[in-house]
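Chains as they are written, first to last, in my numbering: chain B, 1 to 238; chain S, 239 to 548.
Note that these hints are calculated values from the structure, not bench results.
Remember, predicted model here, so these are calculated numbers, not experimental data.
Virtual Cβ for every residue (Gly too), placed ideally from N, Cα, C.
Just the calculated beta-carbon pair ranges, DEER-fashion:
#, chain 1, residue 1, chain 2, residue 2, range
1, S, Ala533, B, Leu72, 50 to 60 Å
2, B, Phe11, S, Ser530, 51 to 61 Å
3, S, Gly420, B, Ile7, 19 to 29 Å
Some residues of chain S that are not near chain B, with every Cβ distance over 12 Å (derived):
#, residue
4, Tyr416
5, Ser418
6, Lys433
7, Asp464
8, Ala533
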Amino acid sequence: MSGFEIIVEGFMRALQILFSGDQEILGITLLSLRVSLTATLLGAAFGIPIGFLVARRDFHGKSVVTTTINTLMGLPPVVVGLVVYLFLSASGPLGFLRLLYTPEAMIIAQMILTFPIVCGITISSILSLSPKLKDTLASLSAPPSWEARVLLNESKLGLITAIIAAFGAAISEVGAIMMVGGNLLGYTRALTTAIMLYTNMGEFATAIALGIILLLIAFGVNLFLTYLQMRSRIRRTT
Amino acid sequence: MSSTNKILVIFVVAVVVVVASLTVVYTYNPAPQRLIIATTTSTVDTGLLDYLKPYFDNKFNANMTWLYLGTGQALQVASRGDADILLVHDRVRECAFIASGNGTLRVTAMYNDFIIVGPASDPANARGTNATAAMINIAQAGASGTATFVSRGDNSGTNALEIRLWTKAGISTNGTWYVSTGSGMAPTIRVANEKGGYTISDRGTFYKLQSTMNTTLSLVILCENDTSLLNPYGILLLNSTKYPNIKSDLATSFLLFMISEQGQSLIGNFTVNGKQLFYPIYGNPESIGLPSENATVTYLNSLLKSRGLE
Numbered sequence: 001m002s003g004f005e006i007i008v009e010g011f012m013r014a015l016q017i018l019f020s021g022d023q024e025i026l027g028i029t030l031l032s033l034r035v036s037l038t039a040t041l042l043g044a045a046f047g048i049p050i051g052f053l054v055a056r057r058d059f060h061g062k063s064v065v066t067t068t069i070n071t072l073m074g075l076p077p078v079v080v081g082l083v084v085y086l087f088l089s090a091s092g093p094l095g096f097l098r099l100l101y102t103p104e105a106m107i108i109a110q111m112i113l114t115f116p117i118v119c120g121i122t123i124s125s126i127l128s129l130s131p132k133l134k135d136t137l138a139s140l141s142a143p144p145s146w147e148a149r150v151l152l153n154e155s156k157l158g159l160i161t162a163i164i165a166a167f168g169a170a171i172s173e174v175g176a177i178m179m180v181g182g183n184l185l186g187y188t189r190a191l192t193t194a195i196m197l198y199t200n201m202g203e204f205a206t207a208i209a210l211g212i213i214l215l216l217i218a219f220g221v222n223l224f225l226t227y228l229q230m231r232s233r234i235r236r237t238t
Numbered sequence: 239m240s241s242t243n244k245i246l247v248i249f250v251v252a253v254v255v256v257v258a259s260l261t262v263v264y265t266y267n268p269a270p271q272r273l274i275i276a277t278t279t280s281t282v283d284t285g286l287l288d289y290l291k292p293y294f295d296n297k298f299n300a301n302m303t304w305l306y307l308g309t310g311q312a313l314q315v316a317s318r319g320d321a322d323i324l325l326v327h328d329r330v331r332e333c334a335f336i337a338s339g340n341g342t343l344r345v346t347a348m349y350n351d352f353i354i355v356g357p358a359s360d361p362a363n364a365r366g367t368n369a370t371a372a373m374i375n376i377a378q379a380g381a382s383g384t385a386t387f388v389s390r391g392d393n394s395g396t397n398a399l400e401i402r403l404w405t406k407a408g409i410s411t412n413g414t415w416y417v418s419t420g421s422g423m424a425p426t427i428r429v430a431n432e433k434g435g436y437t438i439s440d441r442g443t444f445y446k447l448q449s450t451m452n453t454t455l456s457l458v459i460l461c462e463n464d465t466s467l468l469n470p471y472g473i474l475l476l477n478s479t480k481y482p483n484i485k486s487d488l489a490t491s492f493l494l495f496m497i498s499e500q501g502q503s504l505i506g507n508f509t510v511n512g513k514q515l516f517y518p519i520y521g522n523p524e525s526i527g528l529p530s531e532n533a534t535v536t537y538l539n540s541l542l543k544s545r546g547l548e
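Pulled out of the complex, with its shape left as it was, chain B reads as follows (with noise of 0.2 Å):
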């Protein structure tokens, strides 16, 4: 069967799948979606507001702090999975948790990657706001509060960019979970660690089918991002 033959009849089947509703593919998939949102929620949950205050206040070392923070962005999963591994294994410092080769410890290593992600566009698209916009903030006194919520709000199209970058690094991400996850069939089996399963039994079609189900998500949940973020431009240029 020639390369092409296999990638055919690997939509085929991801067709077939998504209409059939296989239900191991769909748990696969829900456990994808499960973990990789739920970091990227908590990775802004903890980024925006930390990447807020490294952009607004000044202190010594800002700038070492913002160049690791870009520097985290490009963290390898593998290495963040080896180490979250070492951290909860059995005989790890925090192995009585035992959270090893459970949904939780994929949570845990995917948030690692994307905390840094959303930190570091937020902290770049607050810097990035026109200085008058802080300058008039500053000459009406306004509360710290209210600050940050019109500094927010203005800079809502970097705080989008940076939960579709965060999501997008997420989801298709696949050293991290494979170690501290497992792989486990039914449990901690991701979309993308069935692929490269699958990949290795040499069974390529049913491979090819979750890699579509993947971008097929990957793009609904662009799409609705996307949407929001056209939404917030159209209503700051009218």
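For this one, chain B is given, so just place chain S on it according to the hints.
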């Protein structure tokens, strides 16, 4: 509130509700006990564990899962207390694992054999020779630039056997003809396939890939049925005193299931494309030239009897 904000709020609330409800469902569903087997790539790649899972799960109300590792990594993971039981294939290191006190019992459960595979044109003339001669021929052809050998290079059981064969043949594997993939058996076969190279595989994984890849797999079996290519699989119980958190009861059940009459006949009946991939051998390792395991077998037989699993 602007309509964009409303949508954002609705979105966040929806996601939180979905995540929370999924977590509740996952947490409060009284799930069967999960067994984590640290195993070698061949038992997974062939589909053997997928095939055994429903029988074991039903019998013991369990949820059998496994970590897909090479034998070296599986032993490493188990020695950290991160798995409940071992199903691996490197007798030398298995015995060392027991001797170090990490494990309490080892038994040979099944076997198959290794085969040397390569391109049908066989530029190294490995066909029909014994394993040592084949390795020498491959190395010589490699040195003259007409052959490539693709190694697992991942410290797995297959990798250990390969290194033993090189040592036995007195060959150093330094050279561009020797490629190391650092990955599982099936990926390594696929690399050898792409490069038109030679490699050593367990028979099961090779048959499985033949059935899934059909004509795209052009490698053929060149060297087989050599006693030095025997591939016994051992099951190892871990030391529950050293690793108090492992599910040692369920692990024992798994071992007993595998050596019980039912388990042994299931293993023997497992086929891919009509070919048997694993041979049950519990209680009779002498028949393939392995040392006797009489003491262990007597103990396990009594355990089988007391649990009504004969």
